[in-house]
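**Student:** So the chains spell out like this:
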Amino acid sequence: MLTDAVTTPGEQRIAQAFAQAPGRAALMPYLMGGFPDPATSLRIAQAYVDGGADLIELGMPFSDPIADGPVIQAAAGRALAAGTGVEDVFAIARAISPQVPVVLMTYANLVLARGADRFAADAAAAGASGLIVPDVPLEEAPALQAACAAAGIALVPLVAPTTTDERLARIGALAQGFLYTVSVTGTTGERAALSDEFAQIVGRAGGATSAPVALGFGIATPEQASAAADAGADGVIIGSRLVREAADAADPVAAVEELVRSFAGALR
Amino acid sequence: MSAKVTVQHRFGAYGGQYVPETLMPALLELEAAWIDAWADTEFRARLDALLRDYAGRPTALYLAERMSEIAGRPIWLKREDLLHTGAHKLNNALGQGLLAVRMGKRRIIAETGAGQHGVGTATACALLGLECVVYMGAEDMRRQLPNVQRMELLGAEVRAVEAGTRTLKEATSEAIRDWVTNVETTHYIIGSAIGPAPYPSIVRDLQRVIGDEAREQILAATGRLPARVVACVGGGSNAIGTFAAFVDDPGVRLLGVEAAGEGLDSGRHGAPLTVGGRPGVLHGALIALLQTDEGQVIEAHSVSAGLDYPGAGPEHAHLRDSGRATYTAVTDLDALRAVRDVARLEGIIPALETAHALHVVLREADTSDMDLVCLSGRGDKDLAEVMRRLPEC
Ligand SMILES: Cc1ncc(COP(=O)(O)O)c(C=O)c1O
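Chains as they are written, first to last, in our numbering: chain A, 1 to 268; chain B, 1 to 393.
For the record, the hints were derived by calculation from the structure and aren't laboratory data.
Quick partial rundown of chain B residues pointing at chain A, CB under 7 Å, derived from the structure:
id	residue
1	Glu21
2	Pro25
3	Ser173
For each residue, glycine too, the CB sits at the ideal point set by N, CA and C.
Assemble the whole structure, with the sequences as input and the hints as a guide.
**Tutor:** What follows is the structure, encoded as structure tokens:
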């Protein structure tokens, strides 16, 4: 699945993490930067590393996250209320990226506010290897693609079950780092049962790209993570389930480490 | 009306399609369906018949003589308050409802602030036999209660949104999330000239009937065009629908009126076009937007739920930058006073949204020698809020 088209340092580092992941699929836990506050979220990121994360998806909170369900929305709101700014999230990237590759996830307006070129350069300087912007589809991507290429980081595109074959081919051809494959038609959030749908979307995504396919949205149990790997996913992204644990547990840092460990175990 | 179909993705630098990939195929499908429908004489005839026989078009153009006397120039009111359901919103809801039927989508969602778009959509859905879910901020449900009751009586489900300031911005975000989840079965009837392409073009073209009628009516009544066309701007649909017919008339000034809330200096307002600043992305488009330096969206504030929104549709920002239209803002208290003034001068109780535009033509000095104002809606929905706040005025 690894490609000859690797061009930037960011892409190279991500490719290596997928290739060297000890499990059947790379484990990429998501955290909301600054949730519940910047200091605790840095400890949560470290707990992800200690629990066996191969890469980390680091969310930068935005006031109006239209691709997110209630758990991540609430976490973004709390992170912002705790005073989290763009630099606080870059600081987490700076601290964690020497250990595992960090892929930033945020919304278009935060990128545009700083200017795409400066945002990508600052992200790279903070050690980020890639950038995910869920409200920048193919149609709006060119400027951001150029900015990421100049900064040496990967712009990771998303595909969804509603993506047509024709679009899938175009997006897959442009994918850098990995192809973020949305497992469900919907926003982020835990789903009770969805493993049945994995095979189809993973198969379609894999057929359309030479980049690794990482499956995300809705994966909430080690069994589901294992099913994703069985279906052929090269990576598994765990979001809302971990954010919920960080919100509810008495000792969030210990609790998320335990949970990440159980996901890592399921992928072995 | 010509059958020329224009779906613009960009208005100058503004607009675009900043949405999750999940929605992109639906937007492409919508655009194709719209171009096809708008060029189809049968579709147009069906819509025109509904607008005439069901909704009551054309609406009157009325010379408000007592207002004119105070202003010192003739003021003509385009009476969208007389349209069925009491506001211009129905023009858009009927058109998009018919479009949904044509696309085979039987579930409709909408967001609403003042509740007029929610009522318009619930009405269109009742008429066309469609399922209807309306997202509305909990604060707006409180201040526009009669419209909540109307929607429910019409068979719609009103879902309260508790996030943020519990107003229009959050209701719109929640509607978009519903659409992301149910896009295969659902059409989202967006209520203003906002959102990703093709929505700003669709809503403008469906609201353009206001301006086309008004232009013909004022020419017939006076033999000339007005010096100034004035409309309130929330997301900007009644304004763009009115402006569209006059945009190619160089002698006609276009003035959009936003909500100054507690005052532009207070920071508590809904006037992104008036205050200027860097454009930003909200709800799928690059628009004039109230935001922090880092790009977090700032909550708007207005006594009128329909103007309580931190952005305005992309075409307005372009009209502003190109100099073709200008924008100004009116405070809560001036809008409340205008509701009372117009009620007592003309026997017309306007919506709080509209009252922002009415304040400008009634009270602010200008060189104009004839104004045309879009009276976008009636104020029954606002009675409780107006009576509560009027003692301050
Ligand atoms: C009567 C009336 N006028 C104006 C508006 C503002 O919307 P727009 O700017 O889209 O016309 C609303 C919105 O709810 C309304 O109900």
